[in-house]
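*Asks:* Same order as they appear, the protein sequences are chains B and D.
The first sequence begins at 2 in the numbering used here and counts up by one.
The second sequence begins at 7 in the numbering used here and counts up by one.
One or more hints might be untrue.
Stated by the list, open to error - Ranges between beta-carbon positions, derived for each pair: (1) D:S113 with B:P64: 48 to 58 angstroms; (2) B:T107 with D:A87: 50 to 60 angstroms; (3) D:M26 with B:E115: 46 to 56 angstroms; (4) D:N8 with B:E150: 50 to 60 angstroms; (5) B:A10 with D:R62: 31 to 41 angstroms; (6) D:S113 with B:R154: 41 to 51 angstroms.
No wet-lab data here; the hints were simulated from the structure.
Don't be surprised by glycine CBs; every beta carbon is placed ideally from N, CA and C.
Given next are the chains, with one letter for each unit.
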Amino acid sequence: MTPHETFAALLSECGRALFEAYGVSSTEASRPARVEGLDARVAAIIGFTGDSLRGSLMLGMNPEALEASRQTERDRPQDWIAELTNQLVGRFKNRLAAYDVDIVITTPLVIRGERLSPVMDGDAAPLVWTLGEGRAYGWLDVEVQPGLELVERPGAAAVAAEGEALLF
Amino acid sequence: MNKRILVVDDSPSVRQQVAMCLEQGGYQVVEANDGVEGLERLGGCAMAICDVNMPRMGGIEFAEKAAGAVPIVMLTTEGRAELIAKARAAGAKGWMVKPFKPEQLLSAVKKIVG
């Protein structure tokens, strides 16, 4: 697997697990080959950097996906997409730890618009999750240092499990 | 009188979810957007639940400054051992990885403040 294939696989896994944690089952559609048809209305983006890579991850949703995943009616869509993106990148970061890759992440920025679409350029094509009637899009854009090889080391994974309280 | 708990997180969504959970458990909630606000609103609180990555003042620095006053549980997306060790060294009493289940959060809070 190339690093970009590994990143895409991790993003796919992290997205499915995140939606499931909020009670929403998702299926992953094939990557769209064309920009037309993407209907994200709100998105949040988080940048990250590490010794051997840098990039950004953007999560976009159409209104139906946002509504399906939202936890309280008081949540503003902008706040909720920002937090979902934060948790998606957090999962991605924790999974990268198993490959001995550490990244520093920014706080999320929210973008609203009509039919938010990425550049459809090979590895930057979005992953698409279907959530009931809704769709969520994950854009991962990563630059890696030449020669980077990702080797999973099970013992190097994050130690704290999701939801579990470690009391000292 | 219900015990008061400070929730420090720059995500309004997380603050709302944590507040709803704690209020259902019979606690009063005070909210803060970052560590600086958290220090200002700490008075009278029995404990604090705090994010790690926040603008102005993050959770580890908040724990360094506030852990002498109240027990602190970190609630974050981060799960790496070295960061957990830093929080522990800063005086934090616990660590939870988001997303949380309400019953797990309440159970941890009850163990700490009763």
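*Asks:* Each of the hints needs a verdict: does it hold here or not?
*Replies:* Hints, one by one, checked against the model:
1. D:S113 with B:P64: 48 to 58 angstroms: Roughly 35 angstroms apart at Cβ, these two residues miss the hinted range, so it is violated.
2. B:T107 with D:A87: 50 to 60 angstroms: violated (23 angstroms)
3. D:M26 with B:E115: 46 to 56 angstroms: Check failed, 33 angstroms falls outside 46 to 56 angstroms.
4. D:N8 with B:E150: 50 to 60 angstroms: holds (55 angstroms)
5. B:A10 with D:R62: 31 to 41 angstroms: For B:A10 and D:R62 the Cβ distance comes to about 36 angstroms; the hint holds.
6. D:S113 with B:R154: 41 to 51 angstroms: violated (32 angstroms)
Of the numbered hints stated above, those contradicted by the structure are hints 1, 2, 3 and 6, listed in ascending order.
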